[in-house]
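Colleague: These protein sequence lines map, in sequence, to chains A and B. Here the first sequence is numbered in numbering that gives the first Met the number 0, starting from 0 and rising by one per residue. Here the second sequence is numbered in numbering that gives the first Met the number 0, starting from 0 and rising by one per residue.
Calculated directly from the structure, the hints in this document are not laboratory data. None of the hints are false.
Which bits of chain A does chain B cover? Going by a derived footprint, with three or more residues having C-beta under 8 Å, they are:
no.	stretch
1	14-23
2	65-77
3	90-99
In this text the structure is predicted, and so the values were computed from the model without any measurement. Here a beta-carbon is modelled for each residue, glycine too, at the ideal position from N, C-alpha and C.
Spelled out from the first residue to the last, the chains are:
There are 2 protein chains.
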Amino acid sequence: MTFDPATLVYDDRGLIPCIAQEAATGEVLMMAWMNAESVARTLETGRVTYWSRSRAAFWVKGESSGHVQALIELRLDCDRDCLLALVEQQGPACHTNRRSCFYTAVRNGAEVEIMAPVED
Amino acid sequence: MTFDPATLVYDDRGLIPCIAQEAATGEVLMMAWMNAESVARTLETGRVTYWSRSRAAFWVKGESSGHVQALIELRLDCDRDCLLALVEQQGPACHTNRRSCFYTAVRNGAEVEIMAPVED
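Kindly produce the complete structure, drawing on both the sequences and the hints.
Modeller: Okay, structure coming up:
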């Protein structure tokens, strides 16, 4: 079946969450949002392209930082309302310069930082 | 720092997305939603508890199917608006009886099923 981004289920803002996972290691890097056009651009260009809610603009990941995400494979879930992008991440995915945005764990009721920023 | 579910960033429905990842393998199993109370219950009980938007009720994963998710560790992202639950999944995570909800890949412009249902 031909894939059409219009057949995904978007929220009332026209957005769908996309989880980025490092293809080689399985590490979950981040979650951000896409609209139908950014899904199409991601597939066309092979560079993961989100929709920035704060800037209300397309966000080609790494365009300014160089920390690009090359798309290895895009997957969708059973309800067609969430995406999983397997990627090859250049450098840190997080704007805090950490490899993953999920660097805080809850352990014994406390927040623990489990990942340090990458040194430039 | 003590963790307080009230300090997370919820959307206008009071919900936050939670990604479930198999702790042992790194496989991304599903994404569902939590409210502050389901975050608290997940941590208290060690059983991942979502908020079902369709039923408007707490959803203790596997309560009816037996396909429970034992919480190994809960993590939060840099913006505090997305959760990552490392879990030990009993049986399939997906209601279609597949291990993961992300069983459809987009390859060469077409949807490809990459995972078969588990046999009971």
